[in-house]
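Colleague: Sequence:
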Amino acid sequence: MVDYSALIAQARSLTANVPHRTANLANLSALIYETLPDLNWAGFYLLEGDTLVLGPFQGRPACIEIPVAKGVCGAAVAENKTQRVPDVHAFPGHIACDSASRSELVVPLRKNGVPVAVLDLDSPTPDRFTEADQTGLERLARVIEPLL
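Quick note: the sequence shown, position 2, residue 2 per my numbering, numbers continuous.
Derived from the structure by calculation, the hints contain no laboratory data. Keep in mind that this is a model prediction, so the values were computed, not measured. Quick reminder that beta carbons are idealized off the backbone N, C-alpha and C, glycines included. One or more hints might be untrue.
Unchecked claim - Pairs of lysine to any residue, SDA-like flavour, derived with a Cα cap of 20 Å:
id, residue 1, residue 2
1, Lys81, Thr35
2, Lys70, Leu54
3, Lys111, Arg60
4, Lys81, Glu145
5, Lys70, Ile95
6, Lys81, Leu31
7, Lys81, Gln134
8, Lys81, Arg142
Unchecked claim - Label-pair restraints from in silico Cβ distances:
id, residue 1, residue 2, range
9, Pro86, His20, 33 to 41 Å
10, Ala90, Glu131, 15 to 23 Å
11, Met1, Lys81, 22 to 30 Å
12, Ala100, Ile64, 16 to 24 Å
13, Ala23, Gly113, 35 to 43 Å
14, Lys111, Ala30, 18 to 26 Å
15, Val18, Pro86, 31 to 39 Å
16, Met1, Ala69, 30 to 38 Å
17, Asp38, Arg139, 19 to 27 Å
The whole structure should be built from the sequences, with the hints applied where relevant.
Modeller: So, in structure tokens, the structure goes:
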């Protein structure tokens, strides 16, 4: 079980007084990737117009652009809500950036309530992400949002 309070404290410590968005997101993706077990990808997509563009991440090479409303990441933006997908192959319109991914959790990151980016986590294990993971990562998202 992940100690999300400790993860959030580490995230705050890593980003305190650091004014560089890219550096903060890079360190946060590394922190998440190293802290959460059984991930094959952890990172960010940043919204530019109607397209999510690859940001800092840890893991295998990824899709560079994802249209809003396409795939799990696009659904998180279009619906402005977290997507917890136990089986990505059963998700309508799933975009297979990495064929090894089996489950996914995507949390929208907002400014003034409007999505501007997403935190995306993939796992090679089906049904990897729990409700506790979702709650903890949504809490972490509130720490990340002011850095955007």
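Colleague: Report the numbers of all earlier hints that the structure fails to satisfy, in ascending order.
Modeller: Hint check: 1, 3, 6 and 13 fail, others pass.
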